[in-house]
Amino acid sequence: MKVLLFAGLAEALGAREVELDGAPPANVGELDARVREAWPALAPQRFRVAVNQRYARDDEALAPEDEIALIPPVSGG
Amino acid sequence: MIAVSQQPIDVASVLAAVEGPSEGGVVLFVGRVRDHAAGRTVTHLDYEAYGGMAESELNALAREARASHGAARVALVHRTGRLAIGDVAVAVAVASSHRGEAFAACRWLIDTLKQRVPIWKKEWYADGGQWISDRP
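Line by line, the protein sequences are chains D and L. The working numbering applies: residue 1 is where the first sequence begins, and numbers increase by one. The working numbering applies: residue 1001 is where the second sequence begins, and numbers increase by one.
In isolation and in its complexed conformation, chain D is listed as follows (with noise of 0.2 Å):
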């Protein structure tokens, strides 16, 4: 499943998007533990998830085919 990074998440890991490999997670609780656990640098980052370019809850179902975010505190304005 293909994941989203922008600003200090994707300095933190030198790319702009990452691929969690394995099964696709089964909701957002799960993918924001695994992209923790996969990638060490995001452990102690605070961010939000975007699933299709909306702020989702940790008991939001996913599929395959969503697109996926990380979003880090904003600083817009």
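There may be inaccurate statements among the hints.
What the hints assert, rightly or not - Covered stretches of chain L, going by a simulated chain D footprint (3 or more residues, C-beta under 8 Å):
1) 1048-1058
2) 1121-1131
Claimed, not checked - Here are some of the chain D residues that sit facing chain L, going by a computed Cβ distance under 8 Å:
3) Phe6
4) Ala7
5) Ala15
6) Gly22
7) Pro24
8) Ala26
9) Val51
10) Val74
11) Ser75
Simulated from the structure, these hints should not be mistaken for laboratory data. We put the CB at the ideal spot given by N, CA and C, even for glycine.
Position chain L relative to chain D; hints supplied.
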């Protein structure tokens, strides 16, 4: 007019976008790049956006401002890329029947934009840069 763009923001056109015959109060907020932050001298900024989601969040904010905050017409434009000191980073225009609603809706829009819209700012100083988080 709702947009996230690398192009310089034309403030006059943002203001013109909320013109209407029934709106007597128009408030414009312009956010410009400042040369200091938290006691440090800032040389320039980089803004990055999650393009599609940022625009859909801006559209959601505009809808909410019209539905619940007394705005009749809303224009929101945020710039991305490298900005110099003094460049316009964001412009928010609100037109309402009367000034009170326009001031309140404009304030709500810029405050909520800063909390919700997936756009990130990196401040650059003489000795390097740092991504900023407004919600520590």
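Hints, one by one, checked against the model:
1. By the rule of at least three residues with a Cβ nearer than 8 Å to a Cβ of chain D, the coverage given for the region 1048-1058 of chain L holds, with 7 such residues.
2. Under the rule that three or more residues need a Cβ within less than 8 Å of chain D, the assignment of the region 1121-1131 of chain L holds, with 3 such residues.
3. The interface hint given for D/Phe6 is met, as the beta carbon of that residue sits about 6 Å from the closest beta carbon of chain L, less than 8 Å.
4. Because the beta carbon of D/Ala7 sits about 4 Å from the nearest beta carbon in chain L, less than 8 Å, this interface hint is met.
5. Taken as an interface hint, D/Ala15 does not check out: its beta carbon lies about 14 Å from the nearest beta carbon of chain L, beyond 8 Å.
6. Contact between D/Gly22 and chain L, as hinted, is not supported at the beta carbon level, the nearest pair being about 25 Å apart and thus beyond 8 Å.
7. Look at D/Pro24: its Cβ only gets to about 20 Å from chain L, farther than 8 Å, so that hint breaks.
8. Taking 8 Å as the C-beta cut-off, the interface hint given for D/Ala26 is violated, the closest approach to chain L being about 23 Å.
9. Of the supplied interface hints, the one on D/Val51 is violated, with its beta-carbon coming no nearer than about 10 Å to a beta-carbon of chain L, more than 8 Å.
10. With 8 Å as the threshold, the beta carbon of D/Val74 comes within range of chain L, its nearest partner Cβ sitting at about 6 Å, so the hint holds.
11. At its closest, the beta carbon of D/Ser75 sits 4 Å from a beta carbon of chain L; the interface hint therefore holds under the 8 Å criterion.
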